[in-house]
Amino acid sequence: MGCGTTFAVGVAPTALSLTSRPYPAFPFPAQLPYVLSGKDDGVMTYTAYEILGEDRDSRFLVTCDHASNLVPPDLGGTLGLPEADMARHIAYDGGAAGVAAALGAALEAPVVRSRFSRLVIDPNRGENDPTLLMKLYDGTVIPANRAADAAEKQRRLKTYYRPYHAALARLAARREDTVIVSVHSFTPQLRGRAPRPWHLGILHAADARLSDALLDVLAGQRDLVVGRNVPYDGHLPGDAIEQHALRHGRHNTLLELRNDLIEDAADQVLWGQRLAVWLKAALATLDDAGHT
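Whatever position you read off the sequence shown (first residue = 1), add 4 for the working numbering.
Simulated from the structure, these hints should not be mistaken for laboratory data. The structure displayed is predicted, hence computed values, not measured ones. The reader is advised that the hints may include incorrect statements.
[To be verified] Taking CB as the label site, the calculated pair distances span:
#  : residue 1 : residue 2 : range
1  : R174      : E131      : 15 to 25 Å
2  : E112      : D237      : 27 to 37 Å
3  : D181      : D220      : 16 to 26 Å
4  : A223      : K157      : 40 to 50 Å
5  : D291      : R226      : 21 to 31 Å
6  : D153      : K284      : 44 to 54 Å
7  : P147      : Q277      : 34 to 44 Å
8  : A293      : V145      : 48 to 58 Å
9  : G253      : R195      : 33 to 43 Å
10 : D181      : E156      : 32 to 42 Å
11 : R226      : D142      : 29 to 39 Å
12 : A288      : D237      : 23 to 33 Å
13 : R179      : E267      : 40 to 50 Å
14 : T144      : G294      : 46 to 56 Å
Backbone N, C-alpha and C fix where the C-beta goes; we use that ideal spot for every residue, glycine too.
Hey, can you work out the whole structure from these sequences and the hints?
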């Protein structure tokens, strides 16, 4: 947990508990469908990522590292967790995939989204991060990960993690002035912790150019509670932003939306459209200042 800053006008809203919903054993309705690509022989194969609007030419590139709670077919479609746990934030960032799609459409920018649960392997961690393959998360033991050894971790890196990052790297390299916007969501309250009042967190590491400009824009939004580097710290060594933005000097920011605000498709579209306006304004201030 980082030491972030918060600004708000008015009273912070009360954090809401997510409503529990019935889910059949498999597949989970909250899961995005498998990405299936056809071969000439008609065989359908799973892919670890999805790209939307690949031919869009905006400077912006929208990413969603925790888009899905899908457990791929070669893992049997389950990690041994109850359905309710696979619908929680421990498995994916609820609502983030829809926001990312709407944001990409509004920015006329490509979008790359993961197609595997963060519990399979976390694409927003470095390959040597001890939390790359979680065996315990927010009080929940992950049964299929308990006996996962180094060989299994390498297999998951090769099968899911690296293909996702290769796709992200390819899209980021399509132009020299790429701006990376990473979309995430957070739960209103972790077990045993205080409620989180923020609507939106703006996260960054040492390169805060775009995040600073975005926070300046958001300071004028009187209906929002916004924080800097909340509810998490803005940098993990080897994370997706470091790999694809910091190491290349690219403008970047990571957006954390409280997931009770983006539970349905209409709210996801609304937030995507609002974020697009703010991001365009923030980037324009950098361009005007010569920070291209």
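Hints and how they fare:
Between R174 and E131 the C-beta distance comes to about 19 Å, which sits within the given range of 15 to 25 Å. Taken as a hint, the range 27 to 37 Å holds for the pair E112 and D237, whose Cβ atoms sit roughly 32 Å apart. In this structure, D181 and D220 meet the distance hint of 16 to 26 Å, their C-beta atoms being roughly 21 Å apart. The supplied range of 40 to 50 Å is met by A223 and K157, whose beta-carbon atoms lie about 43 Å from each other.
Here the CB-CB span from D291 to R226 is close to 26 Å, well matched to the stated 21 to 31 Å. Between D153 and K284 the beta carbon distance is about 47 Å. The supplied range of 44 to 54 Å therefore holds. In this structure, P147 and Q277 meet the distance hint of 34 to 44 Å, their C-beta atoms being roughly 40 Å apart. The hinted window of 48 to 58 Å between A293 and V145 holds, with their beta carbons roughly 50 Å apart.
At about 39 Å, the beta-carbon gap between G253 and R195 stays in the expected band of 33 to 43 Å. Roughly 39 Å separates the CB atoms of D181 and E156, a value that falls within the hinted 32 to 42 Å. A C-beta distance of roughly 33 Å is found between R226 and D142, which places it inside the suggested range of 29 to 39 Å. Our hint of 23 to 33 Å for A288 and D237 holds, since their Cβ atoms are close to 28 Å apart.
Between R179 and E267 the C-beta distance comes to about 34 Å, which lies outside the given range of 40 to 50 Å. One distance hint, 46 to 56 Å for the beta-carbon pair T144 and G294, holds here, with the actual separation near 48 Å.
Hint compliance for this structure: hint 13 is the single one not met.
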